[in-house]
Amino acid sequence: MNAARHVLTLARFGCKVAASQPRTQLRRLQSTYVKPATGVNPAYDEAVKIIDAYAAKKAAEAKAAAAELAQAQSLGSANDEQISALKQKWFDLAVEAEINDPEVLWSAKQDKYDLTRPVFLHLREQAWHGRPLEILMQRLLQMFVLPDLLDPRDVGTPSAQLNIALSANPQDVLEPGSIIDPSEAREQPEIELVKFHEDSRLHTLVMVDLDEPLETQQTFREQFHWVVANLPFSKSQSKANIADGLTLLPYVPPHPARGTPNHRYAFVVFEQGENGSNRLESVEVSRDSVLRSFAAQHDLRPAGISFFRASWNESVDDVYRDVLQQTPPNYGVAPTPRSDIGPDGRKINVYENY
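Quick note, my numbering runs 269 ahead of the 1-based positions in the sequence shown.
One should not assume that every hint holds.
[Said to hold, decoys possible] Cut-off 30 Å, straight-line C-alpha distance, at most; resulting in silico cross-link-like pairs (DSBU-like, lysine-lysine):
1. K504 to K327
2. K508 to K356
3. K326 to K356
4. K326 to K304
5. K504 to K332
6. K304 to K327
7. K304 to K332
8. K326 to K504
9. K358 to K327
These are computed hints drawn from the structure, not numbers from a lab.
Produce the complete structure using the sequences and hints provided.
Right under this line is the structure:
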């Protein structure tokens, strides 16, 4: 195990992706696109008519599907599986009704998603299953968050997009594996879980430091920083309202000790048992818990995962003193005494008679 940890440290901090660089925000260029005028090109005008007629037809079908769903729910004549199928039918028709609208597509390209509308959720899911998911899985494996934290076979392909934003700049969603200043996460981050199913289900949020030093064994261990259960998420409810959940462990800011390498701080949102209907009550959690055991004990299934990294600076010592009420540790190597350096720090002249 120790040998594996040494390999982990060398690989993690030697890879190119792990280079510590300031985070930059990408800004999209403003488009010069202008919607073509009608009455100029007969072929264009005819195409618009066909698209509009198709959209109107699908909108009518979606309205009928919504009425069918409402009736089934009010009469209680359908089981959960049938209700789910009716919801999916309405969703698919609502997407088809708007998917060819140029204004909808343009808004999606500008990252302006109104997740209360099915078409935007559909487009966001398509975008998520492209490059962002690929980057997430690459970095989870490259930086050994998987399998150090969870079995990759249990995680599989995350079913939801987990976004982490620091409270100092809630509009700046962190890329997986970003290196941050620990002081930026002094307050609990903003959590968003974009789910691609209709039902509201209960989830448990866990934040774990994978690289807490364990001096007695000269290795690292997990340490829980934050656990909140019974958080509802659905297609239309993606922002986490911590007050709605059950806080099992209050938030503790990152505090990578002096002399240790970059710490990986992982955030995992689990779907709770019975397809998200099982509530957790009176659960005792230790900060020294192991995530795999915790998930197995409470029937939790990983839904979304992400992480950032941080290393020691002087702000960390304030967390130890003010939050943890501890003396800041120092795992740095003590300097080797040198006989050629005097008490004043100056180099001793070896030529006594010079």
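Hint check:
no., hint, in the structure
1, K504 to K327, "21 Å, holds"
2, K508 to K356, "22 Å, holds"
3, K326 to K356, "18 Å, holds"
4, K326 to K304, "24 Å, holds"
5, K504 to K332, "19 Å, holds"
6, K304 to K327, "23 Å, holds"
7, K304 to K332, "29 Å, holds"
8, K326 to K504, "25 Å, holds"
9, K358 to K327, "11 Å, holds"
Checked against the numbered hints given earlier, this structure breaks none of them.
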